[in-house]
Structures are given as C-alpha cells and as structure tokens.
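Colleague: Fit chain Z with the ligands to the known structure of chain F by using the hints.
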Amino acid sequence: MANWVEKLENPVLVKEMRVGFREKKVFYALIAWVVIVALVASISSLAAFEGNKQLDKLPEAGKYFMEALFWVQLGLLAMLAPSLTTSAVSGERERKSFDMLLTTHLAPSELIYGKFGFAASFIILALCATVPLESIVFFLGGVSLVSFLTTKLILLAFGLLCSLYGLMMSARENRSAYATGQTYLGLVFICWFGLMGLLGLRYGEDIPLLVYFVVGLTLLYIALFLFWKAVNHLEERARHLKILLSIGLTFYLLILGTAAFAQYSLPDVDDAVWAISGPVHYLLFGLLLNPMRPARKIERRRFEKSFLSRPVFWVLLLTVGLMLPLTICDNDRALAICLYGLMAGLCSAWFARGLSLNKPARYPQILGAVWLLLNVLPAFTAIDSFDRYSHAWHPATISPITMLIAYADGHASTTPNIAVAFYLGLFLVGQALHIRFNRKKKNRAG
Amino acid sequence: MIQCRGITKVYGDFVALDSLDLEIEKGDTFGFIGPNGAGKTTTMRILSTLLEPSSGTATVGEYSVLEHPEEIRKLLGYMPDKFGVYDGMKVWEYLDFFAGAYRLPKASRPQAIADVLELTELSQKREFFVEALSTGMRQRLCLAKTLLHDPQVLILDEPASGLDPRARIEMRELLKELTRMGKTIMISSHILPELSDFCNRIGVLEAGKLITAGKVDDIMATLQSDRRITVKLLREVEKAAEWLQNHEHVSDLDVEPQKSILRFAFSGELDDLALVSQSLADPTYGLIGFEEDKTDLEDLFLKVTEGIVR
Ligand SMILES: Nc1ncnc2c1ncn2[C@@H]1O[C@H](COP(=O)(O)OP(=O)(O)OP(=O)(O)O)[C@@H](O)[C@H]1O
Ligand SMILES: [Mg+2]
Numbered sequence: 001m002a003n004w005v006e007k008l009e010n011p012v013l014v015k016e017m018r019v020g021f022r023e024k025k026v027f028y029a030l031i032a033w034v035v036i037v038a039l040v041a042s043i044s045s046l047a048a049f050e051g052n053k054q055l056d057k058l059p060e061a062g063k064y065f066m067e068a069l070f071w072v073q074l075g076l077l078a079m080l081a082p083s084l085t086t087s088a089v090s091g092e093r094e095r096k097s098f099d100m101l102l103t104t105h106l107a108p109s110e111l112i113y114g115k116f117g118f119a120a121s122f123i124i125l126a127l128c129a130t131v132p133l134e135s136i137v138f139f140l141g142g143v144s145l146v147s148f149l150t151t152k153l154i155l156l157a158f159g160l161l162c163s164l165y166g167l168m169m170s171a172r173e174n175r176s177a178y179a180t181g182q183t184y185l186g187l188v189f190i191c192w193f194g195l196m197g198l199l200g201l202r203y204g205e206d207i208p209l210l211v212y213f214v215v216g217l218t219l220l221y222i223a224l225f226l227f228w229k230a231v232n233h234l235e236e237r238a239r240h241l242k243i244l245l246s247i248g249l250t251f252y253l254l255i256l257g258t259a260a261f262a263q264y265s266l267p268d269v270d271d272a273v274w275a276i277s278g279p280v281h282y283l284l285f286g287l288l289l290n291p292m293r294p295a296r297k298i299e300r301r302r303f304e305k306s307f308l309s310r311p312v313f314w315v316l317l318l319t320v321g322l323m324l325p326l327t328i329c330d331n332d333r334a335l336a337i338c339l340y341g342l343m344a345g346l347c348s349a350w351f352a353r354g355l356s357l358n359k360p361a362r363y364p365q366i367l368g369a370v371w372l373l374l375n376v377l378p379a380f381t382a383i384d385s386f387d388r389y390s391h392a393w394h395p396a397t398i399s400p401i402t403m404l405i406a407y408a409d410g411h412a413s414t415t416p417n418i419a420v421a422f423y424l425g426l427f428l429v430g431q432a433l434h435i436r437f438n439r440k441k442k443n444r445a446g
Numbered sequence: 001m002i003q004c005r006g007i008t009k010v011y012g013d014f015v016a017l018d019s020l021d022l023e024i025e026k027g028d029t030f031g032f033i034g035p036n037g038a039g040k041t042t043t044m045r046i047l048s049t050l051l052e053p054s055s056g057t058a059t060v061g062e063y064s065v066l067e068h069p070e071e072i073r074k075l076l077g078y079m080p081d082k083f084g085v086y087d088g089m090k091v092w093e094y095l096d097f098f099a100g101a102y103r104l105p106k107a108s109r110p111q112a113i114a115d116v117l118e119l120t121e122l123s124q125k126r127e128f129f130v131e132a133l134s135t136g137m138r139q140r141l142c143l144a145k146t147l148l149h150d151p152q153v154l155i156l157d158e159p160a161s162g163l164d165p166r167a168r169i170e171m172r173e174l175l176k177e178l179t180r181m182g183k184t185i186m187i188s189s190h191i192l193p194e195l196s197d198f199c200n201r202i203g204v205l206e207a208g209k210l211i212t213a214g215k216v217d218d219i220m221a222t223l224q225s226d227r228r229i230t231v232k233l234l235r236e237v238e239k240a241a242e243w244l245q246n247h248e249h250v251s252d253l254d255v256e257p258q259k260s261i262l263r264f265a266f267s268g269e270l271d272d273l274a275l276v277s278q279s280l281a282d283p284t285y286g287l288i289g290f291e292e293d294k295t296d297l298e299d300l301f302l303k304v305t306e307g308i309v310r
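So the protein lines, in turn, are chains F and Z.
Just so it is clear: in the first sequence, position 179 is 179 by this note's numbering, and no numbers are missing.
Just so it is clear: in the second sequence, position 17 is 17 by this note's numbering, and no numbers are missing.
By construction, these hints were calculated from the structure, which means they are not laboratory data.
Be aware that one or more of the hints could be misleading.
To be verified - Think about it this way: if two alpha-carbon atoms lie no more than 25 Å apart in a straight line, the pair counts; the simulated SDA-like pairs of lysine to any residue are:
{"id": "1", "chain 1": "F", "residue 1": "96", "chain 2": "Z", "residue 2": "50"}
{"id": "2", "chain 1": "Z", "residue 1": "106", "chain 2": "F", "residue 2": "97"}
{"id": "3", "chain 1": "F", "residue 1": "359", "chain 2": "F", "residue 2": "434"}
{"id": "4", "chain 1": "F", "residue 1": "96", "chain 2": "Z", "residue 2": "86"}
{"id": "5", "chain 1": "Z", "residue 1": "106", "chain 2": "F", "residue 2": "359"}
{"id": "6", "chain 1": "F", "residue 1": "440", "chain 2": "Z", "residue 2": "293"}
{"id": "7", "chain 1": "F", "residue 1": "440", "chain 2": "Z", "residue 2": "14"}
{"id": "8", "chain 1": "F", "residue 1": "297", "chain 2": "Z", "residue 2": "6"}
{"id": "9", "chain 1": "F", "residue 1": "25", "chain 2": "Z", "residue 2": "130"}
{"id": "10", "chain 1": "F", "residue 1": "25", "chain 2": "Z", "residue 2": "131"}
{"id": "11", "chain 1": "Z", "residue 1": "106", "chain 2": "F", "residue 2": "109"}
{"id": "12", "chain 1": "F", "residue 1": "25", "chain 2": "Z", "residue 2": "50"}
Just chain F, same shape as in the assembly:
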C-alpha cells in the first residue's frame, strides 16, 4: 500500500507546490482573481437589481448575475491559466537545470504531469475561491444546482486546456518569451472556435445529451493530445509518438461510432451529422498526416517500424471513416460534403506535409498557413455573389467551410469544378515534394 502511494507521488509536483505556493506572486494572483470577480459581482448585481426590482423578477437577476460571473472568469482564466505553465519547461532550459532533470530517473510524462498538476491545483483553487461569491445566486434563484455545476465544469475544462496548451508550447520552445507569445497568439484563434462552441452550448435550446457527450469526448482528446505532445517535445521518443497516435486513433473511432449510433438510434438527428463530418475530416487529415519523426536516429528507426507512422494507414482509415455515410446516409448533399472533405483535407495536408518534410517541427505552422489561406481568402469572394448558379466555378468553393455553409443554405449540389482542379494541383505539388525528399534521402544514404 505504502509502495503504491509512493509510486503515485510525483517529486516534480511536490517541488512545484512547495516553491509555487511559497511565492508571493502566486498569492497576489489569487487575491487579484477574487477581487476582480467580487468587483464584477457587485457591479453586475447592482445592475441586475436595477432592472428587476420586483420580487418575482429576482430569478432573472440571478441568471444575469451568473452570466456576468461566468464571462469574467472565462476572460480571467484565458489570461491566467496559460501564464501558469508557459515557462514550466522553457524556464528549466533557460535556468540550465533541464539537463540535470533529464538525467534523473523521471519519465518525461511524470515531469509534464507534475508541472500540469501544479497549474491544475491553482486553477481549482481559484475556481473554488469564488464559490462563496457565486452562491448569492442561490438566494436570488433562477439558476439550478446542475447548471451552476455545469458552469463551473466548463470553466475548469477551459482553464485546464489553456494551461495544457501553454505547457505544450513551453516544452516546444527554448525561450519562455517565445512560448508565452506563441501560447497567447494560439489562444486567440482557439478561443474564437471555443467561444462559438460555448455560445452554442450555453444558449442553444434543447441540446441533446449526445452533443454534450461528443463535446466532452473531443475536449478529453484535445487534453490528452496536448499532454502527450508536450511529453514528446520534452524528449522525442518513438514511444511517445505511438501513444500520441494511438490516442488519436481511439478517439477517432469513438467519435465515429457515436455519430453512427446517433444516425441509427435517434430519428431526429438528420444527415447534418455526416455533413459536418466532411469539414471535421478536413481538420483531422491535417493533424494525423503530421510528418512526425523523432530527432534521434535510433528512435526514428523504431518509430518507422510502426504502422501508426505510415501516412497510407491514416489516409485509408480516414477515407473509410468518410465513406461510412455512404451506407447510412440518405442525403446526396451530405455525401457530397463528405467527399469534398476527403479531397480538400487530404490534398492540402499532403501539400503542407511535402513543404515541411525537411523541418517536421514547422508542420503545424505551415499547415495553419495553408488552412488560413484556403478558408479566409475564398470566404471574402463569397460575400458578393455565391449562389446556386455561379457555384460550379466560384472560387469560394475552395474553402470547405464555405461549402458547409452553402450546404446549410441548401445549394451545394453542383460539383465545384474549380476546387477539384485546384486541390488536384495541390496534391500533385505535394507528391512532387515527397518524391524529391525521398530521392535526396536515398542519395545521402548511398
């Protein structure tokens, strides 16, 4: 028993707790957190009462109050949570204590876990510290215990993900300043999507439980992905990459299974589920075709033996996943969007992969730039005249996102000729880059 407890004990976590909670900075941050939330609480409660003075309107005031507290904590978390971790690993490198850590018997995953554990405990502490303030809402009414807890849970998940993202960047960069910059820049983009999802979840009506399930699953996947990505940045090992990819595989199958289950058993979920899977695959292709290669030669050889390292495997798997709707789905347009996702995702990811073969670490940036160009630029052209008739030759069809919107509007039926030609070209360029790289590699070996 004692042995078991000892195994669970993480020296890094113990150290971070000792040093972290001893620092005045951390203490002040906590105070500032509570003070700001209290300020917003008092202002918003005044405002809430102003509008809802009668006794029977108090629940309205309660709702309003809770909303205000939710958003201010979300904003504060977005600023605070990453700052807890952005210097966790890069700071060790800057301080020149990283080598000594690596030569101990700590596994890289334990190191990351210890650093994350500290950030997580701080976030939990901060969220607990505001509970007394928030409990006023029960006096006002209008917010059930379940929705109160859900709110807290959303905040917790958001905070943990932000700090994990910061940790991943910190493990990746040698300088804390870079890591911080990259984290906040990245969060601007991520928060954008995250906020859309949040708005949908919080203010949508009659959301089926299944959606919560899928959202939870996705968040869990992102968390695990960030964690193991950080571990892999710490020390590039074939093992870590395999874990990373296995997690991706597992969650992909889980989500696919959930979608199929929904299609079968819930009559009111229509083919939209599959239509959305097109653009989702567009993103997945990019993530899973990552030209991952450990830097150490021996690890590279170990990794390359695994089927998980083969792009062909992933292409086949994702294609099968996309073809699944063919057997289930009735809607032609949903199918078209699926196939479109396959084409667009595969081609652009293959192109980005080709560009970054020499510098695999730059793959996320290159892919991000490709995606940005493919989605933002065509979207502008869609503003004026994107309709059923101009469809086949319209540049806006290059973006899978505008295609999805077109589907939702009900006019995505014609084949987008310009997009097909464009993506075919992209794929061919990508293929040429791959061939050139392999030839160079062979020359170097021989």
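Modeller: Positioned in the frame of chain F, the structure of chain Z with the ligands alone reads:
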C-alpha cells in the same frame, strides 16, 4: 566501464568530435583535459545520453547510449559545467526533490540527504535557501545531488570551476574519497595540477581528437625522453660547465653564473646520471644541490596541445 567507439559529433559542418575512441575501466579516475572548445563537454553530454552522436557508439556499463539511455541514467551521476538552481527552495528541499526524482524510497531519503550533505560539508546550510548559497557552495550542492543515488559512474564537467583554493583542495579530497569508494569517475578540468594528483589515467583532447590517453606516468615517460637536471654549486661553475659540455649524454646546457646554477638535459641511463653526480660531488665544486626537475600536467598539456583555439 565506459567505452567510446568512433564517436563523431557534427554541428552543421563543424566537426566538434572526430571519431573519438576512449576506454575507461571500472574504478578508474579519468582526467579529461584539453583547451577550450576541444569537445570535452560534448563527449560528456554524449555519455550522459543528453546528446546523440552523429555517428559511432558509446557504452556505459554494458548499455549503449543509443539503445538504452534509461539504464545508463540509473548508474550514472552527471554534473554539468553550467547549471542553475531553483529559487525559493531550501537546500534540503532541493536534495529531497532530486532524491524523489532518483526514486529513492521515501524512508531512506533523510539519511541519504544527510550523508551527501556531510560528504560535501554542507550540513550547516541545510535550512538555507539555495539562491543564498555562494557559487562554490552551489557547486558542492550540485555534486551532492549527483551523489544522492549512489551512482557507480560519475561524469563531472569542471566540478572545481569557481572554487577557492581551499575549497578546491577539499573537492580534491572528496573526489579521492569517492575513488576509494570504488566509483568510476570521469572528470574534466582546466586546473591541471589538480588532476595529476588523483587521476590514475588521463586523456588529452584537442580539436575533437584524442591526442593521447593512458596512465599519467606512462604518458609522462613517453613524452619525456630527456630528464632535466638542475645543479647548484658553490664554486668553479665555469669549470663544471666545461666538464659537462663534453659529457656524451648532456645537452642543452644553461649556466647562470651569478646564482651558480647549471641546468641541462640528460639522455643517459640512471647509472650514468649517478656517475655525473659523483663527479660533481668533488670538493672543488662544493655541490649543494642536484635534482631532477618535476614535469607536471601543465607542461605536458603545453607540450602535447598546440593551442588551437576554435
Ligand atoms: N550546440 C552547439 N552548436 C554548435 N556548436 C557547438 C555546440 N555545442 C558545442 N559546439 C562547439 O563544439 C566545440 C566543442 O565544444 P565543447 O563545449 O565540447 O568544448 P569544451 O572542451 O567543453 O570546452 P571548454 O573547455 O571551454 O568547456 C566548440 O568549438 C563549440 O563551439
Ligand atoms: Mg566544457
């Protein structure tokens, strides 16, 4: 215990290590010397599994640095040349952290910490904050943390840099003690007399190449074909000089008449040297000193390296 086979490390197109072959037996204390930028730190980092060689292999214990880095880390203690400590931690907490990281059972940690503190003479500083320690004390603290898990092999990169003369002597005693305990030690240093004192073997590295390696005495002997002798007389220095000049084994004679000192190189056997000393012992000269100059690592270092600064 440690073997390097053709280790090469290339940074861009700069060759930092050029097919280095090296062997260190169990229980050896191996002094690693070479001018700045010779590649000492690079070699040590490769052996500590922190750096991958561009080609070649190395083994520590019987494990290859490429195949089983985890196993090597279990039997190795590495002290880097530059390191930082954590602020806001007390000395014993710092060591407790590393004891945990080295997987020492919780029950035995206090004892292990007390032992290494004792060994490095830091027991007084147990409750001090790490950032409040002086450079030399930090150096010792780092050594203390390296010794926590009782490693068989110690790789110490300039452990004595930044220490005052007294601390350096203490460090030397400490290393001697570790040698007595049967540990295999690889140590790099710029302060050479320090190494000659307790290293039984040395290797000289320059510009990424191992120039020479072996027992200290052997290397001295091969490099030193001639003995250098200094003679001090009371009288008749010129006469003695003339006599020596004509001796078959004497060369490179140097006379300092004011101080009545003669210096020369002697290439003959020890018996021949004895005859010379007997001749000079003649009362006309008033012989008051006859001794062989000591060559130490410093001279050796200057002799074998060319001072290529890269
Ligand atoms: N990360 C690196 N990138 C490029 N060159 C490097 C790197 N690390 C070391 N070098 C080069 O490799 C050579 C060997 O460096 P190393 O640190 O091993 O020397 P050293 O023998 O330890 O020198 P010193 O006595 O000054 O500590 C140097 O010329 C150095 O410039
Ligand atoms: Mg060095």
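Colleague: If a hint holds in the structure, say so; if it doesn't, say that too.
Modeller: Status of each hint after checking the structure:
Under the criterion of a C-alpha separation no larger than 25 Å, the hint pairing residue 96 of chain F with residue 50 of chain Z is consistent with the structure, at around 13 Å. A threshold of 25 Å between alpha carbons decides the hint, and for residue 106 of chain Z with residue 97 of chain F the separation of about 23 Å falls inside it, so the pair holds. Between the alpha carbons of residue 359 of chain F and residue 434 of chain F the distance comes to roughly 13 Å, so the proposed pair stays at or under 25 Å and holds. Taken as a hint, the residue 96 of chain F and residue 86 of chain Z pair is honoured in the structure, with Cα atoms around 10 Å apart against an allowance of 25 Å.
With a C-alpha separation of about 44 Å, the suggested pairing of residue 106 of chain Z with residue 359 of chain F is violated against the 25 Å cut-off. At roughly 60 Å between alpha-carbon atoms, residue 440 of chain F and residue 293 of chain Z are farther apart than 25 Å, so this suggested pair is violated. Of the pairs offered as hints, the one joining residue 440 of chain F and residue 14 of chain Z holds, with about 22 Å between alpha carbons and a cut-off of 25 Å not exceeded. Taking the CA atoms of residue 297 of chain F and residue 6 of chain Z, the gap is near 17 Å; set against the 25 Å cutoff, the hint holds.
The straight-line distance between the Cα atoms of residue 25 of chain F and residue 130 of chain Z is roughly 19 Å, inside the 25 Å bound, and the hint therefore holds. The suggested pairing of residue 25 of chain F with residue 131 of chain Z holds, with an alpha-carbon distance near 17 Å, which does not exceed 25 Å. The suggested pairing of residue 106 of chain Z with residue 109 of chain F holds, with an alpha-carbon distance near 21 Å, which does not exceed 25 Å. Between residue 25 of chain F and residue 50 of chain Z the CA atoms are separated by roughly 33 Å; this puts the pair beyond 25 Å, and the hint is violated.
Checked against the numbered hints above, the structure violates hints 5, 6, 12; every other hint is satisfied.
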